[in-house]
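My request is simple: use the sequences and hints to build the entire structure.
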Amino acid sequence: MIHILKIVTQRFALGLLTLFAISLIITFGVELLPGDLAEAILGQGATPETVKVFRTELGLDKPAHLRYLSWLYGMATGDMGVSLANKREISELIGIRLSNTIFLGGFAAAISIPLALFLGILAALYRNTLYDRVVNTFTLTSISFPEFFVAYILILFFAIKLGWFPGISNVSTNLSLGDKLYRSMLPAATLTLVVVAHMMRMTRAAIINLLASPYIEMVRLKGISPMKIILRHALPNALAPIVNVVAINLAYLVVGVVIVEVVFVYPGLGQLMVDSVSKRDIPVVQACSMIFASVYILLNLSADIISIVTNPRLLHPR
Amino acid sequence: MSIGFCRSTHAPLAPQRRCKIEKPILKIQGLRIENLAGEVLVDNANIELMPGEILGLIGESGAGKSTIGLAAMSYARAGCKITRGHIEIDGVQVRDLSAKGRAQFRGRRIAYVAQSAAASFNPAHRIMDQICEMPVHHGVLTHAEAEAWAVEMFRTLELPDPDNFGARYPHQVSGGQLQRAMAIMAISAHPDIVVFDEPTTALDVTTQIEVLLLIKKMIRDYNIAALYITHDLAVVAQIADRILVLQSGKMVELDTTANILHAPKATYTKELVEDRQTSDVFREKLLKSEREVILDASNIIAHYGDFRVLNDVSITVAKGETVAIVGESGSGKTSLARVMVGLTQLTSGSLTFMGSTLAPSLKNRSRDDLRKIQLIYQQPDVALNPRQTVGEIIGRPIMFYFNRSDAEITDRTAQLLHQVGLPEDYMNRYSTALSGGQKQRVCIARALAAEPTLIICDEPTSALDQLVAEDILKLLQQLQDDMGLSYLVITHDLGIVRRIAHRTAILLGGEIVANGPTGDIFKPPFHTYTEKLLQSVPELRETWLEEIIYKRSA
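So the sequences go chain by chain: E and X.
Taking this note's numbering, the leading residue of the first sequence gets 7, the next gets one more, and so forth.
Taking this note's numbering, the leading residue of the second sequence gets 22, the next gets one more, and so forth.
Fair warning: there could be bad hints in the mix.
The list that follows gives simulated cross-link-like pairs (lysine-lysine, BS3-like), each with its CA atoms no further than 27 Å apart [to be verified]:
1. K271(X) / K286(X)
2. K44(X) / K271(X)
3. K68(E) / K285(E)
4. K234(E) / K121(X)
5. K234(E) / K102(X)
6. K238(X) / K572(X)
Negatives, chain X to chain E, calculated, CB over 10 Å [said to hold, decoys possible]:
7. Y133
8. P285
9. E445
10. H548
On the chain X side, residues computed to face chain E include the following (Cβ under 10 Å) [said to hold, decoys possible]:
11. M94
12. Y96
13. R127
14. N143
15. P144
16. R147
17. M149
18. P191
19. A535
20. N536
No wet-lab data here; the hints were simulated from the structure.
Even glycine gets a Cβ: it sits at the ideal position worked out from N, Cα and C.
Below is the structure:
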């Protein structure tokens with residue numbers, strides 16, 4: 007156990023280091039953009055004097071590294087700062103949108119992960135059959151189309167022609183869970199179609215890869231049924247690569263949903279970030295980026311931990 | 022063509038083992054197995070196995086032994102197909118059954134013991150769960166009953182801490198223990214037949230004998246019929262009632278063990294027996310005069326991390342001399358070779374080669390030092406780049422060390438191929454098109470291309486079949502006589518040592534426990550470990566194992 011705690015602590019420390027590096031890259035990356043918030047708000051007609059006064063008021067006249075350090079101190083003490091554009095607390099601004107994004111991502115994950123594993127395991131069991139080919143073709147097709155296209159196709163059929171689900175997903179906090187699920191059905195379906203192919207194909211490949219190994223031959227010679235061979239003997243050994251792909255796709259569900267959010271006018275974090283970049287509202291961009299980066303790092307960290315915990319060689323050293 | 026044989030040679034048998042007229046439990050007729058390209062792997066195999074009888078299948082790799090063994094379970098590996106023949110288990114034509122019907126036979130009526138237990142146990146599950154899986158699946162025992170039975174077996178087979186042995190994962194136990202666990206797994210559903218596929222080949226001699234004893238005991242106690250597949254005639258002689266000799270997928274000879282050993286009819290069988298007999302004979306081989314010492318390793322200590330793999334090892338090799346380093350896996354013999362070529366850095370001690378000190382690390386050695394010490398590896402398959410032709414493989418060191426013109430390289434390559442007994446036109450072939458023995462010859466030619474003084478041979482024949490191995494040893498011998506090469510041979514096979522080594526050093530736990538002329542090492546008084554090693558090597562006498570059982574019980 008101590009061995010594993012050590013590995014986990016190491017990974018965690020590395021994650022924090024990565025987060026720090028990302029914060030640097032984001033801050034100075036945004037700094038390189040031409041123009042700033044003062045110019046963006048005051049517009050082209052502003053005189054240099056008014057711009058200067060406004061900058062002093064916003065604190066933008068201080069050198070970049072000092073602003074970064076005070077921001078970093080704030081982050082470390084749990085204070086995300088205030089938005090430059092509308093003076094609201096960033097934590098308040100982000101809070102509700104983050105929970106919306108996580109709700110949508112979680113909903114899509116709850117559909118796509120079991121579906122991908124199920125399809126992948128069946129594809130491995132019935133490999134090179136008609137079923138295998140149909141599933142592969144279908145999932146590949148759905149991943150090959152751009153997300154907005156898939157989204158509009160779904161809207162066309164399920165919102166307009168059939169009228170089963172709303173085409174605009176305006177969820178708010180006072181809705182019941184059922185209503186929220188109903189309204190976010192189409193964005194969740196879109197995301198599912200986009201991520202399921204990757205996970206399903208990895209599940210299939212990881213399992214098939216193991217089927218040639220001597221211990222699988224041994225189990226066959228023990229007379230065990232094919233389904234049991236795959237579920238009990240191949241899957242546990244194939245978990246590490248599958249979990250890693252699932253983690254990447256989960257991260258994508260949280261971080262990469264901007265386009266889907268825009269199409270369905272879903273009030274999530276991605277939209278907020280895009281707006282803030284165009285307004286040069288650096289503190290908000292920084293906060294969003296840090297959240298996205300943390301999600302990525304945390305998910306990959308959990309994938310690592312699951313890989314370790316499911317590998318007896320690491321869990322039970324000699 | 023085959024006749025059922027009823028065994029009555031072993032004295033203390035259970036009552037049900039007495040001879041009576043019985044039907045064969047396994048009957049294979051006209052079996053033909055092809056690969057996907059349509060090449061015939063096994064042709065017209067006919068086998069009858071009586072209940073409780075043990076049939077040994079012997080032959081070189083590619084002879085179709087394992088293929089027949091698996092076919093008895095109506096199983097063909099990927100890329101192979103059973104195209105013709107009947108397989109009958111206890112009166113049922115197994116090939117006529119559905120996939121599900123065949124699965125009901127596997128494990129329940131006929132079980133399998135594989136060569137490598139380490140690869141055949143699922144790394145993700147505990148040993149106990151894997152042993153209990155089969156009887157529970159086939160409805161022979163409940164999980165609790167199976168567990169109780171397994172613990173009993175662990176105890177009988179003297180596995181450490183029998184009550185908790187099953188709770189371990191496969192990587193937590195040694196190879197010999199795992200091999201025993203696999204034998205237990207095979208009989209867990211009380212099958213009538215067990216197919217043993219080279220069950221002791223991957224083990225050290227000292228471990229092999231333990232596993233052999235156990236297999237023999239188990240077969241007796243449970244009245245199991247067995248197909249015992251091996252390439253070692255001496256091993257099969259201890260176990261089998263009858264022996265089937267196979268060559269390139271065809272049956273060469275099928276007879277009782279005694280007849281095969283003492284009155285072989287087919288030429289091929291005669292060769293096999295003769296070759297195995299010569300390996301039992303010592304070769305009293307001494308250098309004619311005191312020769313100049315070319316390699317002097319003294320007081321070598323080396324570590325892997327904190328673990329000390331070599332402890333104060335000293336060894337010398339003289340010009341034209343063959344020195345063997347013998348030990349089981351984990352004894353540090355490969356580490357010693359790695360230290361000598363500079364792949365593993367020594368912690369202390371010194372290496373002197375032809376009068377000057379060798380740098381401990383490969384990086385700091387001069388090109389000439391590198392040239393003079395060459396290596397031949399255990400697995401020629403892996404040691405040759407499959408994307409290069411034989412000419413490129415051999416030509417590369419000529420280019421690298423001597424910087425010759427293309428025409429000179431071609432000439433020299435042809436000459437080297439001739440020296441190792443391969444035709445010149447092999448130059449344009451890829452190594453993948455060669456057999457194991459031919460590949461090892463290419464490896465030797467590549468080593469010779471550097472015109473070395475010393476060749477380190479790391480288990481040079483252990484991946485090869487008996488007769489091929491014999492040829493390779495002869496070639497090494499002849500090259501030494503012609504060119505005055507020195508060899509440092511690392512091996513666990515005492516047969517090789519007896520045939521080619523002038524001097525022998527025995528390694529145990531990173532220390533040299535015996536070192537001297539080969540004849541003296543294997544003559545009494547022995548070091549206790551040397552004696553144990555010697556006694557563990559199977560001998561061709563059928564009674565060898567019985568004698569050991571007798572000695573131990575006495």
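### Task
Please flag the earlier hints that this structure goes against, numbers listed from lowest up.
7, 17, 19, 20
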